[in-house]
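J.: Okay, here's what each chain looks like letter by letter:
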Amino acid sequence: MNERTNGTNKSAVKEKPVLLKMENIEKAFPGVKALDKVNLTVKAGTVHALMGENGAGKSTLMKCLFGVYQKDSGSIYLDGKEINFKNSKEALENGVAMVHQELNQALKRNVMDNMWLGRFPTVAKGVPITSEKKMYKATKEIFDKLEVNVDPKTVMSSMSVSQRQMVEIAKAVSYNSKIIVFDEPTSSLTEEEVEHLFKIINMLRSQGCGIIYISHKMAEILRISDEVTIMRDGKWIATRESEGLTTDEIIKLMVGRELTNIYPPKVNKIGDTLLEVENLSSEYARLENVSFKAKKGEIIGIAGLDGSGRTELLENIFGVSTRKSGTIKLNGKQIKNRNPGDSIKNGFALLTEERRATGIFGILNIRENATISSLDKCKSGPFLNSAKLKKNTEWCINSMHVKTPTQETKIRSLSGGNQQKVILGRWLLTDPTVLLLDEPTRGIDVGAKYEIYQLIIELAEKGKTVIMVSSEMPELLGVCDRILVMSGGRLAGEVNADTATQEEIMTLAAKFA
Amino acid sequence: MSTTALKKRNRFSAWIDDFKAKSGADKRRAITDLLFNNAMYIIIAIAVIYIAIRVPAFLKLPSIVNIISLTAAKLPIALGIGGAIVLTGTDISAGRCVGLTACIAASLLQMTGYANKIFPNLKVMPLWVVLLAVIAVGAVIGFVNGFFVAKFKLHPFIVTLSTQLIVFGLVLMYLMMGGNNGQTLSGLDASYTNFVRGTLFKIGDVAIPKYVLYSIILTALMWVIWNKTKFGKNMFAVGSNEEAANVSGVNVFWTIVLVFVLAGAMYGITGFIEGARIASCSANTGLNYESDAIAACVIGGVSFVGGTGKISGIVIGVFLLQIIFVGLNFLSVDANMLYVIKGLIILVACAIDMRKYLARK
Amino acid sequence: MEKKTEKTPKTGGLYSKINMSVKSANVMVASLLALLVIALIFVVKHNGFTVKFETDGGSYIAPVRAEYSDKLSPEVPTKEGWNFTGWYTDRDCTESWDSESDTVQGSMTLYAGWDKVE
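Residue numbers (numbering that gives the first Met the number 0), protein chains in the order written: chain A, 0 to 512; chain B, 0 to 360; chain C, 0 to 117.
Treat the hints as calculated values from the structure; they're not laboratory data. Don't take every hint at face value.
[Unchecked claim] No farther apart than 27 Å at their CA atoms in a straight line, the calculated lysine-lysine pairs in the DSS-like style are these:
no.	chain 1	residue 1	chain 2	residue 2
1	A	328	A	344
2	A	268	A	251
3	B	229	A	389
4	B	21	A	402
5	A	36	C	22
6	B	59	C	44
7	A	409	A	390
8	A	344	A	390
Bound-form chain A, shown alone:
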């Protein structure tokens, strides 16, 4: 694979004309200074990576650019002219577009409708009848240019995420955008789709567009970007040319200290077989005949692409989704796990993938969030005992190292990492024997990730079985003992985490895809 697919002359980056300049941007929210004199200069015909931990202020900066938030002070220049967009529509009309992480599209409508929404071409000027023909032609032209092989009449919901992302890019191109912002564009793409995306990005770059690329993935950044700006705690830290930059350097700049070990040492000892899953199939989701065994004190990783059935497997074991067939045995005894309540009684715990959607109760406080699954243990008679609730929450905060002022703090005011620790604590309060963790470190700072890994290994050391799903292969290789690879709803294979390579896993993941 070519390290750099385009022919940009790197030394020329300096001389390229400045397209977008954001100077001394400041933005404060009640109690927090979200942006503190941040600078960002994007040159024409370059890819500018914007990096930083979650909460560093990347998205706030972008929201200030697009007018979602009004900046408190500072100025933004586009092509030398000062601008101050009121909303993203105005930004789009002035050539500043964004390809969102979460695609906001009308899924029941077709591609053309989505592309030309709000500015449908009419049959003739002044005639309020939209012209399907013109729309089709214009869409097709842009698609051909971008080498996107999609019929403009396809309904959005029948397309893959990457195809829908392409539509979003095409939309940005159709507005003749000069600046295109990509927010975590590869988080749900396959390797092949990533290649295609990079090809398009390179094409846009060679046409003189300025591209702002937000991502957590170091390898991608180093490969695609010309310059990197790093933010930390709402402050501008550094802007460097990507050439010669290393992953370690970036991490150092992002975290503000050196991370010597990304993964803690593994001290867990593997015992006897605890869990046996046989021929598990799901009624409505894509999951067929999955069988595996897990031992006490073992950390099993589950790898695979998005939609390969990883989450479905955990949800099925936990009884969230309907099971078609298959058996689960714990300690040789068959168990049912019909619903989450049942599973909790059997000693299972499930940390869900989408923390905000299915994990936290944002509006409730830490104590309520921590104890909701173990309320039976906090009763005296038919009533709940506040002292016991407080004690259990205290334990949860201390043993998980949750950073919070009080137990009454609303959970949504905590950082992602601390929220995750509270939920992990919620599950540990139920005293589980099998922990099912779905993307336990998604959207968490580098520093907090290490703490989560440590907790996982500690739990395994205490004889609990941990089954964790992750999209980050290095994480699986670093933390797990064994890795099961899912593909197309089936189990594609199993590798030993000590000896396996990422390539091996990728090959298996593509087996039934």
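Fit chains B and C to the known structure of chain A by using the hints.
T.: For chains B and C alone, kept in the frame of chain A given last:
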């Protein structure tokens, strides 16, 4: 008591300190927030002062006792609806449900020998049997509401809109039974009216009716259920994030059903009290009670955001609404016009509730 | 794949789909508040209860407007062959209206009571 007072003062002084530390723009924002979030209380306060100046009798003992009694009468129904609002739902069958249970209670407790008795041969039944019966009727209606909301994920508004109609039909049919022909039920047995309207104690020569006590007991009961039971915690969890609650092992179905059953039982009790309180029950009894209750909940901080709300807030909400209604009555404002005011109050309360949500986001 | 983009966080309850700035919410709340205050002023300006009289076949007595805590002294209706016994607040004529001590509490209808002339 002193510790909570201290806590309150601390919170207040903390707010002041916080405010002082803020910059100009933030200060302005803090003040707008304060003004908007408390706009309803401010308006009610101004109105009370105005009414008290124009009609001094408004803040005299008999009037205050009257407001408290009215608050007590409307409280149980609001306590029931509060649970449904915590689940981001609502319950518009409440008023009709009160009507049905009031008619049932009144019909079973008419005095012997009264000329227009609906069931002429029926002896006066024991009070507790009737009370349990109307609670059961309310609970069954609540169960139907809860079942359709929980199982079919229908919006509570649609479900309770349907049950509201069904219940109204049942009231009309019920009032046609025996020789009644749809007439108003009155001539209640003394034991019943005494049990509800009898004097609890007197302040000066102003009597406080017994149902105030029942209302206090129900409030305490609901407070315990909301704050000290697993069901209460589960209710807040489901209201805050249903999917997360399911994954956390909360039985979402039964939690929703129970919230509505509990609400139904509350309507049953309200009906029982209301039957004797107004002493003449017709098909119109209970009409629009739910709107007062919903308004009271939202004013009292039970938010449609879901997962938030306090019993104390509901009590305050009901109380403030009754103050306004009684006050407007003192100003001789006709009941017809009061409907417009009620509707506007609900809209304003919801708009403020929404604004709070937006400002926090 | 589908699930991911369609699962939006369920926070905000009824308001989860609101897309509005705090500023425009302020304008909205402020105008609603103004409307409420205007309505309150209007109803207070146009106050007064209506008391209707139902004479059950007797002579017609026009409704009167009254204010809170007013006392009423309505005309005495006549009906051939009947003696007027007084005003009552209910149709069954069980709760009588004492024009000396009873005061108006709201809009209402008073019913005439009649005794057959022997």
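J.: Take the hints in turn and mark each one as holding or not.
T.: Results of checking the hints against the structure:
Between residue 328 of chain A and residue 344 of chain A the CA atoms are separated by roughly 14 Å; this keeps the pair inside 27 Å, and the hint holds. The straight-line distance between the Cα atoms of residue 268 of chain A and residue 251 of chain A is roughly 33 Å, outside the 27 Å bound, and the hint therefore fails. Distance hint between residue 229 of chain B and residue 389 of chain A is fulfilled; the C-alpha atoms sit about 15 Å from each other, no more than 27 Å. A distance of roughly 25 Å separates the Cα atoms of residue 21 of chain B and residue 402 of chain A; the hinted pair therefore holds under the 27 Å criterion.
The suggested pairing of residue 36 of chain A with residue 22 of chain C holds, with an alpha-carbon distance near 25 Å, which does not exceed 27 Å. Under the criterion of a C-alpha separation no larger than 27 Å, the hint pairing residue 59 of chain B with residue 44 of chain C is consistent with the structure, at around 24 Å. At most 27 Å may separate the alpha-carbon atoms for a hinted pair to count; residue 409 of chain A and residue 390 of chain A meet this at roughly 18 Å. Proximity of residue 344 of chain A to residue 390 of chain A is assessed by CA-CA distance (about 22 Å); at most 27 Å being required, the pair is judged to hold.
Checked against the numbered hints given earlier, the structure breaks only hint 2 and satisfies all the rest.
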